[in-house]
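Trainee: Given next are the chains, with one letter for each unit.
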Amino acid sequence: MAKIELSFYPGCSSQKGATSSNYLVSAQTMCEELDITLNEIPDWNCCGASIGYGGGGELPRLTLSARNIALSEEHNAGQEIVSPCAACWLNTREAKERLNEDEKMMQDANTALAEGGLRFKGEVNVRHMVEVLVEDIGFDAIKDKVKKPLEGLKIAGYVGCQTNRPFGIAGESFENPQYLDKIVEAVGADSIPTFEKKVQCCGGALAFSEPEKSQEMIHGIIEAAYDNGADMIVTPCPLCQANVEIYQDQINETYGTKFDMPVVYYSTLMSVAFGRNAQDAALNGHIIKAKKLEEIASK
Amino acid sequence: MTEVIATNETILVVGGGISGMTAALEAAETGKKVVLVEKRPYVGGRVTQLYKYFPKLCHPTCGLEINQRRAKMNPNLTIITMAEVTDIKGEAGNYTATVKIAPRYINDNCTGCGDCGKAVEAEFDDEYNYGMGKRKGAYLPHRMAMPQQYVIDPAIIGTDDAQKAKDVCKVNAVDLDMQEETIEFNAGAVVWATGWQPYDANKIQPYGYDRFENVITSVEFERLADPTGPTGGKILRPSDGKEVKNVAFIQCAGSRDKNHLLHCSRICCMASLKQCTYPADDVDISVYYIDIRAIDRFEDFYQKVKAQENVSFIKSKVASIVKGEDDSPVLHGVDTEGYNRYANQHDLVVLAVGMEPSVDKESFPVDIVINEEGFIEPASENGGIFAAGCSSDALDVNRAVQHATGAALRAVQVINRVAGTEG
Amino acid sequence: MSTNSQKYRNSFLKEVEANVEEGEWVKMCMQCGVCAGSCPLGKHWDHPPQEIFMMIRAGKRDEVLTSDSMWMCTSCYNCIARCPRGLPITHIMHGLAVYSKRLGLMPDNQPTAEFGQIFWDNLMKKGRVNELKMGLSMYFKDGFSQGIKNAMANQKLGQNMMKAKRMNAMEIMGGHGVKSPGDLAKIIKKAQEIEDGNIQDFS
Amino acid sequence: MAEEKKMAGFVCTGCGIGERLDAGQLETTATRDGKMNTCVQHEMLCSKEGVQVIRDTIDNDGATHIMIAACSRRAKVEAFHFPEVAMTRANLREGVIWVRPDTDENKETTQEMADDYIRMACAEAKFSTKPTKSGEQELDKTIMVVGGGITGMTAAMEAAAAGYPVHLVEKGGALGGRIAEYYKVLPTRSPYAAPQESSIAEMAAAIEADDKIAVHLNSTLAQTSGAPGRFSVDVATESGSTSNFTCGAIVQATGFTPYDANKLPEFGYDKSADVVTNHELEALAKAANGGPIKRPSDGKEITSVAFVQNAGQCSDEEGKLAYFSGVTDLVSIKQAMYFKELNGDCDTTVLFNNLRTPGAAGEDFYRAGQEAMVLFSKGIVSEVVPGDSLTVKFKDLILNEDTEMDCDLVVLAVGMEPNSGPDPYYATEGEGAPEPGEEANPNAVPEISVDSILNLDYRQGTDLPQLKYGFNDSHFICFPYETRRTGIYAAGPVRRPMDIQQARDDAAGATMKAIQAAENAGKGMAAHPRAGDLSYPSFRKEGCTQCKRCTVECPFGAINEDEKRYPLFNEARCRRCGTCMGACPVRVISFENYSIDTVGQQIKNVEIPEEWDEKPRILVLACENDAYPALDQAAMNGVEINPWARVIPVRCLGSVSLSWITDSLNNGYDGIVLMGCQRGEDYQCHFVRGSAMANERMSKVGDTLQTLNLEPERVVVHEVAITDIERAPKLINDMAETVEKIGMSPFKF
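Residue numbers (UniProt numbering), protein chains in the order written: chain A, 1 to 299; chain B, 1 to 423; chain C, 1 to 203; chain D, 1 to 749.
Certain hints may be false.
Not everything, but these chain A residues come out facing chain C in the computed CB check (under 10 Å) [as the list claims (entries may be wrong)]:
id : residue
1  : ALA49
2  : ILE51
3  : GLY55
4  : ALA87
5  : VAL146
6  : PRO149
7  : GLY152
8  : LYS154
9  : PRO166
10 : ALA170
11 : GLY171
12 : LEU206
From the derived model, a few chain D residues whose C-beta atoms are all more than 10 Å from chain C [said to hold, decoys possible]:
id : residue
13 : LYS184
14 : THR188
15 : GLU202
16 : ASP211
17 : ALA306
18 : ARG367
19 : LEU375
20 : LEU399
21 : MET405
22 : LYS700
23 : VAL716
24 : ALA721
25 : PRO746
No lab work stands behind these hints: they were computed from the structure. All C-beta atoms, glycine included, are put in the ideal place defined by N, C-alpha and C.
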């Protein structure tokens, strides 16, 4: 396998002590195993996420991402930008495309960036971590790396929104993307292709501002996972992971359910399947413990 | 070896559907020599797979019978089936066409008696019925197929089955050694009438054609309604064979959509209105539409269907389909006339799929002007090559025939110039 | 109130084109309603996107700009993925929301609008989001006593997160950030100025 | 001059015929009963060798009449192609062995069936002659085009480009028609984004420069007589002078008239000068001369326009057009774009219900309109209130509210009404026809009497028959140019509402048909659907009673009456359906290969067993276009048909002579089944009225049955479609059951 070197944009939530810090740990483990080198973009800033618009409008928001791209183009020249976070990837890629399409907007963004001595060229590719896995590594190569197949695990692949739309991964459909199922199969577990909520929105940032509305949707996602006999849910998105995992207590209170459904990252699965321990897979970072994974990891 | 006698006063018609047949027959009946090249093993094209025509609700095979009789009677017309034009060189009045002919493994001795079909055991998905139902490895594509000759599926060549077909044939019509051949001949003008194909419904992901058995396409629905179709004309659900009591039509499935076909396919509104008349009166029908494009006298038909008590119209592009109870599709969306949200369950959903021109810009055998939507433009740069029917635009049968008749004239003009009869 | 002279005229549409993100797409809607049907929070919209587009064309400026609907967008991008005319509906909704906020027409106490501002202010402080502070700001946005209530209600969640090391009480002291938040602020301030300067006056 | 008849029979034993039937006996039947001079068997008659046997018999032995007993006449047509002789076919495969079970107990009746079909085909051959040209034919390659608008101009240019001379007759003083009044036209090439200049002036110049095209301006047709290949046309000019020319075929492209908006008081057309029709807007735009379009009332520059779609169209209200005029939504988009071009900052709102902009061009142009900031609102307009500013009241269907808007100008998108002549069948089949049960009113005339356009001197009226709403469209989906006047083809909006591009394509199509009609008239060949047929109707003058039924019943108005009031067949107008033959009460009309005798003798030559044999005979007369192919397909499916049935294909049920029915009954047939195509509004009869005529005639069969003291259920008429593969055999089998119930005919001698 060819060594892959990428300009890495981890995003705020993956920082130490933040909601998806466990994602970063497992992603790094996974990359080690797959011989992917991640060169963090120096001094990166927040992408504005999906809610930044409410305070920042259009150009300031795009400029945030333009700054990250400019930094990457300057310091990690020649390397594609990769982010494990759906919102980070989407905002960065969107900014790149929007600014390239709109000359005036590009000029304005660069006028702003000039205040910090930066210049956006917008030539670099912006990719999601999963794209690298699917397009550059491939399912077969992932399969080959598996030391501890996750046999007997039934895992619902929850893709969510922003990893999937509007850009999508590797030509997959917006309505029925299958790459998570394929990863699940590659690591030796059973996928659930009939999981009908795989692209259902979890509420995203509105889980904070409109908790009832969002939790109604999250309830549906978890319920569908149970209905399909899932042992756990796997997702590629930090916000999806958090929203679907951490509100289960509150949802149980509201709906009288007894949800206790682990929600892990694909990188968690791969780290365990590649033979790494629970710590490297950051299994300790889950509120609802993925016990079956812990068992396999400890074998 | 297939022999074709053709000169630069011959008109080459590519495609033997209703447009190609029309162009070929109109020219031949005006005394011109015509060679018609058809990809399928039979002429007639897609209309042979339709149950009825709108707005008369008459049967396409009725006109097909007339056209086939015209073709059989006319010595000016040569038809080559299972053939594709791979190259065209030259200029108006002097073209050389290269035609690749696939082996039928059955020669002209065939009397259509059907013995080989009975002898062969292997079965295949029946393309005439869009894969619903099976046909034998030696088969007559459909009952009115012209030429009335069987075809042997290449997949059985080299098997015992093929030998059985050969052994049973009393008239020595089975030729298992038949090879693909490539021939060249001259033509003065070319009428391009390769028609259309139903837009690939698998690509319309929100509707789950690839995931839900009870979501079918409009062309498949024609076969279901046809007494000669796979269900004997009963409208049954693919999932469980139950009689359909509640059917939905989704308009613009793949049309008027930048994710699919940018153009309006013109025919789908009328086709769905027509299909509203297929089920019995006690079947509930919902038509989900953006605009009902009933042109000219078709308005009468629209009003007639609107007056049917079992039909309702919902101004809405359906957002998505999910699987409901009993494998019944549930349609989600918003009726935009007044903002009414719905989640409607139906026994069967019919996608009114769009018309995609069967004109492959990439592999087109000669340099002509093809527009963004894939239709051939009426450009003077095209020389002696003229589009007819749905190669030129999304057209209903009547308009396609009208257009093809005009295309025949343009070809005749070239031929007459060549023949020097214009002076 | 819109008068007859504004109804079904281009005045408001032109305003939207000039001042709203991706507003020039509004005229391209063909009222199929696929966006309205695709939105996960659809039932909570008083006016779904396609209807808002029609209202803009009908000149219903006040009704649109005082609406709560645009704030229902979760940025799921379903509408964009499905729109047959390729309208960037998510962005238009964001744009309309921000524009109504800019004009002060936004409904009071709109939670998502408030959260958006809190999020932005939070990220602008150090260039990266401080989740803890942001969460607290969100709890306390409606005053101290409501904040305590909210915090209590989410206490268990917070404890769980701390246990899982996905929330860090120390963040309150500072937390992550870019090296020079001032430089970033200068950049963004400039961007804001440019954006403000582009706004045309239609009042 | 009657040639010596030399009759040769051929019996194929292939496809199982030899196994299932006693071919030797068939041969004997052909020679002994069928009076064939020779008869041979062949194991595969359609093979090269088999065909050669027939060819040799014709070439070497001088056979003039041949009888081929093999498969259906619909099969192996190319192989059995012997135009130099009279040929008949006995259908032993689809007609006998495929519809009868292969069991010993059925062997006898199956053989009887086959023997009968041999006898029938021999009799038919004996009474047929090889069709030849009558000598009436003339080749006149000139095409007359009536109407000098875009459609007619296109037709003229297309015909000339194909090498055919043209007479172009225009009522007005200049070529160009309505388009000459238009500011711009719809785009004709992808990406269909903006209105474009029309090419009408260049076309007019090209026509004037073309020496193949003679233009007659200020001219109308005083009389058109003759037939394809020999039309004679008297042209009258405004000044009163007349001239005459001949032509081979005619294209009628007389266009349309905009709907009269005065009939729409709710939209204030009669009250405000600022409410205009879409046609008037063209003039306003043209008059603006590149500057802003101004208001008619006060000359103010227009800043806002509302387009009211479907004004007076798509309506079931009295006086409004029931149909949609095809192009009026596109036209409004085009005109809204005029304002964007000429009036700068002008608001344009299109109030529509269903926006009908079909096809690739339509959808492209709709998007282009939106790009140009034309506003579209799904709304139904109820009223336009005049005033300094016009108020348009409407229901916004999306916002679900009754609302209104103000604007400077309202454009009513009114529809197109065809410029047709009077419908020859207005009072009998058309819109003035009586309801079922009502007495026909022979004096009914169209409410709005219009001038004739063609002034045909035809027995059945002066102009093209109309389909609906005054349009001269064809009723056939597969055959859009099949009008009921051979050699005369309508094109453009007189045929169907359409836009310019469609009209131009339509002009090309109609011209193609006209050229074809002229060419084939010259060869004596029939037009569609019996294209190429050389047979033609002739009649025995001495037997004719001048009852005029043939001239009245001909669906194509082909038959005139001569000075002595005998029928004048006008062969080139005839479509060879035989309806005249079926109509003739004295049986004097016949075709060479299709006559009272060719069918009558088949009926007579069926062996009718004695009553006590308990073998009934059922005569089936099946339309060769639909019912007969349905039976063929039933045979392919192995559907059983009763062994008592004897099927005779007929050209059209309209050609069925009552004498065949009476003769059959007198000869002892036990039942008769007639199978024709659907009649009525959505008729599927390929000869338009044939099936309906037959039905009318057969309603009188009851009298005959009564006279003979026979049960009425012995004769039935059915509408059969080509898809009635199960039903058609069942109808025959039902008759067998009926006969079993009511007993055998007493008329067996």
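Trainee: Hint by hint, say whether it matches the structure.
Mentor: Status of the hints after comparison with the structure:
no.	hint	in the structure
1	ALA49	holds, 7 Å
2	ILE51	holds, 5 Å
3	GLY55	holds, 2 Å
4	ALA87	holds, 8 Å
5	VAL146	violated, 26 Å
6	PRO149	violated, 27 Å
7	GLY152	violated, 25 Å
8	LYS154	violated, 24 Å
9	PRO166	holds, 5 Å
10	ALA170	violated, 16 Å
11	GLY171	violated, 14 Å
12	LEU206	holds, 5 Å
13	LYS184	holds, 22 Å
14	THR188	holds, 24 Å
15	GLU202	holds, 35 Å
16	ASP211	holds, 51 Å
17	ALA306	violated, 7 Å
18	ARG367	violated, 7 Å
19	LEU375	violated, 5 Å
20	LEU399	violated, 6 Å
21	MET405	violated, 4 Å
22	LYS700	holds, 58 Å
23	VAL716	holds, 52 Å
24	ALA721	holds, 38 Å
25	PRO746	holds, 71 Å
The structure fails to meet hints 5, 6, 7, 8, 10, 11, 17, 18, 19, 20 and 21 from the earlier list, while all remaining hints are met.
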